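Enquirer: From first to last, the protein sequence lines stand for chains A and B. Numbering follows this note's numbering, in which position 112 of the first sequence is assigned residue number 112; successive positions increment by one, without gaps. Numbering follows this note's numbering, in which position 86 of the second sequence is assigned residue number 86; successive positions increment by one, without gaps.
Just so you know, the hints here were simulated from the structure itself, not pulled from any lab data. Computed from a prediction, not measured in an experiment: that's the story for all the values here. All C-beta atoms in this analysis are idealised placements derived from N, C-alpha and C, irrespective of residue type, glycine included. There's no promise every hint is true.
[To be verified] Just some of the chain A residues that point at chain B, by a computed CB distance under 10 Å: (1) K308; (2) A349; (3) P380; (4) L413; (5) S417; (6) E429; (7) C518; (8) C521.
[To be verified] Which chain B residues stay away from chain A? Per the calculated CB distances, all over 12 Å, these: (9) K95; (10) D102; (11) V164; (12) A236; (13) V237.
[What the hints assert, rightly or not] Okay, the calculated beta carbon distance ranges per label pair: (14) A/K297 to B/S89: 33 to 41 Å; (15) B/E92 to A/R548: 56 to 64 Å; (16) A/E203 to B/L191: 20 to 28 Å.
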Amino acid sequence: MGSWLVGFTSKYKLFADTCSLMGEKASDFFIGQLLPILSQQKVALTVPLKVIRELENQRDSSDTKKKNLGQTGLDILWRFQSANALDVRGNSNEPFADDTFQYVFTRFRTMHNLALITQDRNLAIDIQRLNFPLSVKSRFEIRVYRITRKGTLGRWRFTDSDLALPVDESITPLVKSHKVPDTVIPKLPTKPRGMSQKKVKVENTPTEGDSVKSPIYGALTLQTKLGQGAEGVIYRVNRNQVCKVFYPHYWTEAKLEKIELMLSLNVDVPGIIWPLDFVRNSFDQNVGYLMPLAEGKPLAHILVGGRKYLESSFPHWNRRELVTLCLTILSRFHELHLHGILIGDINLANIMVKNEREISVVDIDSCQIGDIPGKMMKPPFISPEYEKQKSGSLRTWDDEHFALATLLFMIMLPGQSPYAYQGGGSMMENLRARRFPYPCGERSTGDAPRGPWRFIWSHLPFNLKEMLYGVFAENKRYSASEWLEVFNQYNYQLGRRWHSNEIQPRGFKLVDPIRVVCTDCGLEKEENKDYVTSLENSQIHYVCWDCRDRASREFVYIDCSFCGEAQKITRLQAQKLKRKGRSLQCEECVDKIKTKTSLKCVECGGIDDNVSILFFEQLREQNKPFVCRSCREQWFRQAEVKCEKCNKKYNETIAIIKRIKDEGKQLVCPKCRVEWTKVVKEKCTECGKKKEEKQAKLTYLKQVEKPFICKDCRRRWFV
Amino acid sequence: MTKERRKPRKKGKKHQLEDQDFLDNPATRTPVCLVLDVSGSMEGEPIEELRRGVVVFLEEVSKDVIARISVEVAAVTFSDQAQIVIPFSDVEKVKMPTLNADGWTRMGAGVNLALDILEERKKIYKREGIAYHQPWMVLMTDGRPENEPEEITEAAAKRTTELVKNKKLVIFPLGIGHMADREALERFSPLWEPMKLQGLKFASFFRWLSASVIDKSKSLPEQEVPVNTEGMKDWAVRGWDTYPP
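One chain only, chain A, in its complex shape (with noise of 0.2 Å):
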């Protein structure tokens, strides 16, 4: 022990604290082991002013055993200070903010290797996680000690989940994962009940201060009024319980008879805030039900507004808690599927978060019980089918694992919602049209939501990409206890560090990373080989997210193609028609095409209804009258007809026959033609000049015996 002793102080900033001074072998170890080490070797150890005070408190209190740790705690200080040992921190002129050892060893963990010799296992831990934050990184570490039952110094160790997750026996383990065999999950009646929706009577509704009675619970008052809903008002009764009262107008026998059901089971699911009891008015009439309170914010609160809203609620949140979120929710429902009870409305404003380990789901009174059926489920957790559904009809299995799906969706991309898409519309068109945008192996429709969104699907684990792709693109749906595994498996990667543990990552999910050099802002960048090298091979630019981002926000102007209108568009989309060749056209062109008319040939008096709008402006414009397809094809075919220059057989497209027996003009063949239009140099017999005139034409002077005169002497003639 001694010669590891030796090393291990010299290479260690050593640190103690208060229960480890005041333990009982304590003196054996500080002052038997450590002092002539460390006066030798000419180190302190560090104490905190607060340790010393702390020790102080100890030996000054009336519990004489405390005293005597206490004396000995500070005893063994006084010694390594007569020594020269100590260094005693957080006096006033030192800068600390905090003396505590969180503080301390987190600022200094980059320039020296730290130990905390402490009996404290929370603290322990704390200390020892240190070692592990993502963004920065050191070559120095921390390690964390305890004083043994023999008086030596011993290491604490601790599994990778007990570092993850703080030790807690208060809170209610998970469920732990298991495949429950389908027998279990019990099957759903299809048909309601018929219920009498006719109001109970009631003489008085209670409300703020009034009083209450409970069979079970007795006399209570309607405290504060906490909320209010549809259906009715909810009242605060002590400190952790609540009342719903119902609106007279809502509180019907079918209401009534369910709430007996839901107090007849023994639900007892910690995390569902489940009746408790009928509260009767003064007149002995049941006017609501009693159940506890309920803690945290509504899940809405946190997910909807994103970052922003997430990060002042839980600033210290990583994908861990995310994941242990979702394994809570799960676990939760998992128990309530067991017993046949839907949710029904599963709905983000219906589960209140105090941690990621305690949650509490309200509004129960609006599920499914048997054939009892609950309130209508909103958008976005509805499932394309149960449009089709009436309030009042019995949810399926399908329904609510679909929300649920929805759900683990919008936590695990927080507030995003799984059918937005660009060029999406409202959330119900987009609910009807099924595009879930995001990509599972080869399958992408490649139009997810601008920003991070892409990224922290990217970075899931492929299983759990693979049943979110299967619930949303291709109907498919999943249990509770099929999601507790792979979630659990999940909070397993992750304290493995196999997955990235940040919230919203700010790349793609690096599989097999190179370096390269994006064109547009000549950073080098860090991205997927295959990525680099399917845009080499369609010989594409790389250029990198950042750059793409800003230019799908810069705007450019292009014509359209058919009416010339300037159109504005993003930079992004610019780019890509060039890439592909392809133009542009305006969204009132497109609609001009696709919008069809009837119009009446002029050659065979047919009509034809598919001419497009636009082609008949174009007709229009050009004064041309319309011909329809058969006759048009009929005039492009060709026959063979005699060219009265040189009698030789060609062929000729039928319209232009027409035309030139209609304008009384020569039939032709291209080779004349062209002897026609060449152009050759000839003398002006006026000015002597040569210039230049169609061979036709000198063929014909020549033939009526007249002089070539050039165009301009021509015109002075005329001047």
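Put chain B on the given structure of chain A with help from the hints.
Expert: Just chain B now, kept in the frame of chain A:
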């Protein structure tokens, strides 16, 4: 074939922030456009109360945690011309300008402009990949269309009717005062009957409207127009033709 012509990019911080908002905040948006009559007959107390009502609306919406990031409010006024007084932006940062009551009542122009800016906003949502709920338009007048060519009013009415029938718009027509013409408002709203405001109770109306919009932002199914008919008693007149007491 494609010739790029780059117009100078407006270097404004506002533009930058807007984009970042869409990247960070994926919430389903609900665009709301107020179409307000500021003709001469609104001068004096009516226009002051109207302005105060709009301020109440913006405040109530900003208070709700979810509505403040998902409801987007714009306002268009019409008298001699139609003008955008509040463009679509962050609800909390909107400063309600003063309104001047002066001029005729070009209702069609106002409605057309409102529909145009709603379409523009929907295009932006589509481009970014943000889901939205169908927009709301609140049309308020104290008379009927005046000094406006019939074709324009007719065109605007036709547009809104088409959109409402295809469930692409929710329109709330509201009449102010005893000169408000019910039929003129009915042209724009085929499904929802125009309501008349009790006196100048703009604040009550806008408080009720903000509660409805907040409910909507919590994503109720599209089939229901989430209006609290009980709460309408606060500001609506029963029976259109009753004169004020």
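Enquirer: Go ahead and decide if the range 56 to 64 Å is satisfied by the Cβ distance of B/E92 to A/R548.
Expert: For A/R548 against B/E92, whose Cβ atoms are near 31 Å apart, the range 56 to 64 Å is violated.
Enquirer: Against chain B, with CB atoms and a cut of 10 Å, does the hint on A/A349 hold up?
Expert: Status holds, d = 6 Å.
Enquirer: Measuring from the C-beta of A/L413 to each C-beta in chain B, is the shortest one below 10 Å?
Expert: Holds, because the Cβ-Cβ distance from A/L413 to chain B comes to roughly 8 Å (cut-off 10 Å).
Enquirer: Over 12 Å to the closest beta carbon of chain A is the bar; see if B/V164 clears it.
Expert: 14 Å, holds
Enquirer: Using 10 Å as the Cβ threshold, decide whether A/E429 counts as touching chain B.
Expert: Hint on A/E429: holds, closest Cβ of chain B at ~9 Å, below 10 Å.
Enquirer: Checking a non-interface call: every C-beta of chain A should be farther than 12 Å from the C-beta of B/K95. Is that right?
Expert: The claim holds: B/K95 sits with its nearest Cβ about 22 Å from chain A, beyond 12 Å.
Enquirer: Run the C-beta distances from B/V237 to all of chain A and say if the shortest one exceeds 12 Å.
Expert: 23 Å, holds
Enquirer: Is 33 to 41 Å respected by the C-beta to C-beta distance linking A/K297 and B/S89?
Expert: Hint violated: Cβ distance 27 Å, outside 33 to 41 Å.
Enquirer: Would the non-interface assignment of B/D102 survive a Cβ cutoff of 12 Å against chain A?
Expert: 35 Å, holds
Enquirer: For the hint on A/C521, just tell me whether its beta-carbon gets within less than 10 Å of chain B.
Expert: 17 Å, violated
Enquirer: Hint validation: A/S417 versus chain B, beta carbon distance must be below 10 Å. Holds or violated?
Expert: This interface hint holds because 6 Å falls under the 10 Å limit.
Enquirer: Hint says 20 to 28 Å; check whether the CB-CB distance for A/E203 and B/L191 agrees.
Expert: 39 Å, violated
In summary, the numbered hints that this structure violates are 7, 8, 14, 15, 16.
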